[in-house]
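*Asks:* What follows is each chain in one-letter form.
2 protein chains.
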Amino acid sequence: MNSQLKNELAKVCELIDTVIREDQFPESIEPESLKMAVKSYPSRGGKRLRPALLLWSCGAVGGNPEDALHAAAAVEVYHNWTLVHDDIIDCDEFRRGVPTSHVELRDYAKNKFALETEAAVKYGTDFAILAGDVQQSWAMDLLLRSAGKSVSVETAYALAVRMQTFLNRGLISGEALDVEFEYRPEQPARSEAAHMIDGKTGILLSYSAASGAMIGLNTPDHKHPYVEALGDYARSIGYAFQLCDDLLGVYGNEKSFGKPLCSDFREGKPTILAMEAYARLDESGREKLRSLRGKAPSADDVNMVRELLDSCGARQAVSDEANAVSMDAMKKLHTLPKNKYRDLLEELAVYLLSRNV
Amino acid sequence: MNSQLKNELAKVCELIDTVIREDQFPESIEPESLKMAVKSYPSRGGKRLRPALLLWSCGAVGGNPEDALHAAAAVEVYHNWTLVHDDIIDCDEFRRGVPTSHVELRDYAKNKFALETEAAVKYGTDFAILAGDVQQSWAMDLLLRSAGKSVSVETAYALAVRMQTFLNRGLISGEALDVEFEYRPEQPARSEAAHMIDGKTGILLSYSAASGAMIGLNTPDHKHPYVEALGDYARSIGYAFQLCDDLLGVYGNEKSFGKPLCSDFREGKPTILAMEAYARLDESGREKLRSLRGKAPSADDVNMVRELLDSCGARQAVSDEANAVSMDAMKKLHTLPKNKYRDLLEELAVYLLSRNV
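Residue numbers (my numbering), protein chains in the order written: chain G, 37 to 393; chain L, 37 to 393.
Hints in this document: simulated from the structure, not taken from any laboratory.
Watch out, some of these pointers could steer you wrong.
Identical chains share a label here; the pair holds if one copy fits it or two copies do between them.
[Unchecked claim] Subject to a maximum C-alpha distance of 16 Å in a straight line, what follows is the list of computed EDC-like cross-link-like pairs (lysine to aspartate or glutamate): (1) K42 with E383; (2) K158 with D128; (3) K83 with E50; (4) K47 with E129.
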């Protein structure tokens, strides 16, 4: 990573950590376990990618990123509440090596009330549902507090409307589609899979960048050309990032990727890479891919997948698409005047997509 | 019920049914099952008590209730999302004789994807979590649409802030306390039980009435004397209603009450009535009440509870408190100028509390 980008990302983390840590919203929550759960994910740190997009988009249109601090914390807390509910739905026990929210709450209840496992699991899930419910509201409250001396109530109001009409429905529809795909007997169409990915990742990135621009311009108009350009840029890099992730899941380094190679194929996930391969392979090739479902892939399996995806052209097609989408993102960015923050957004895109293989 | 009150309540139901039915917010939700679940509770009808409080409070301060229609639908949808998540948490299968949201979704998945019971239950719960998440946002969106020709953006913005800072945390803390009481080895203090009841029921009623008044006055000031008076009035009738409910649960008519008498004692619920009784009875009386836990009370059991609560004075104390709280609510109402809507609010309180025994 470019050292300026690294420094500026570290600054964002510090700013957002402080806003979240010092925010009084969770303090009146009862009982203690719910308050703890509401604060848990937001105070765990992380890359703070969405706040960075928001703050730098504010700067890119000539605004002062300091005016956007509460909104930047809002998109981070928003991201977190969706993770708390997703982790319940996906039955995930760990998030970056630390217990997920419902597991933290389960263990709390087990100790505090000496519960049997089943009762503790129920307590953990119930309280994690409620924790996400409060976090959605906390995010909204932070967002509304964007209004101030440089940001009008009209602008903050427009951000709030858009959090419902653009962000919430799109993101949760994406999550619901992802869940439903597992139950459907047939694979989704490629366009539907792309739409799901956009909902799950692109929409919040787009909302973050567009909100930063609206704050920087102090405008309630989400159709302002700079607002649209930054929203489109962020949405595109979200999609390109996902395509790179598909490729890294097969061709990457298991250690740096963080999970076993080819796990998408083991789980039968309808990734764009898998769909591209199924569309290009003949029946015997498809059968080979299908044979990976439900088993831990061996080194030979990984080599087999790599050869199949290379030979049918799926790897190249997805790589080409990732590059085309990134180029498109950069073009959107270049409709803005050049300044330090536009450069940072460009560097960020390069960094996120440089993992391309 | 007074016939004017009945007619006016029917009008509210019709208005709110129409706003909810015609609202476009849920239309873009995917997949179909999530859209269906988001619309389910809000379109089931019901008393529409919270919208009535909101619309009539708007009228009571001299405003035009038509300006408050979206906000009235908002508090109803808000109530509904909390019910969807509560029903998951309480494992309730029916709500007024109709399957709860997670059960509707479970049955949908069972048919649509030919799932085994366990997988269908998981789908039902997961989708009901997501449905409540979208409904919280739908409520917020409806509320924000209060801004219009008679209601300023500043007023709508203030309503939105208060939905987070006053309503969400208070209501969900109440729900979480209610859940946690079941796990605690010791009974909560009376003040904590009262606080839980206020969170679960009083806060949304108060928010509804206060919001109607803010819209009617077109003020962002929730400390305006009329706004405070109406908020306090609604909060008090919520509490008095709950006390009456405790009494009806023992002394009422099982058929009109809708669930078996003394079920609070069977479930060991820390109602105000039960706490009043435990505080007044000697150890042998307490032991008699405790003996009801976990078993279906017989007619003799019901008579035994009635005699105990009569003789120790708990019934009288709770009845006196309900009356005192109602009187207090009426006093608040009488700080407002007399008009048709103030009369309706008064009639509503009389009706809700006339079930007193």
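*Asks:* Indicate, hint by hint, whether the structure satisfies it.
*Replies:* Right, here's what the structure says about each hint:
1. In the homo-oligomer, the alpha carbons of K42 and E383 lie at most 16 Å apart inside one protomer (10 Å), although the nearest pairing across protomers, at 65 Å, exceeds that limit.
2. Taking CA atoms no more than 16 Å apart as the test, K158 paired with D128 passes in both settings, with 15 Å inside one copy and 14 Å between copies.
3. Taking the shortest alpha-carbon separations for K83 and E50, only the intra-copy value of 11 Å comes in at or below 16 Å, while the best inter-copy value is 50 Å.
4. In this assembly of identical chains, the alpha carbons of K47 and E129 never lie at most 16 Å apart, being 30 Å within a copy and 50 Å across copies at closest.
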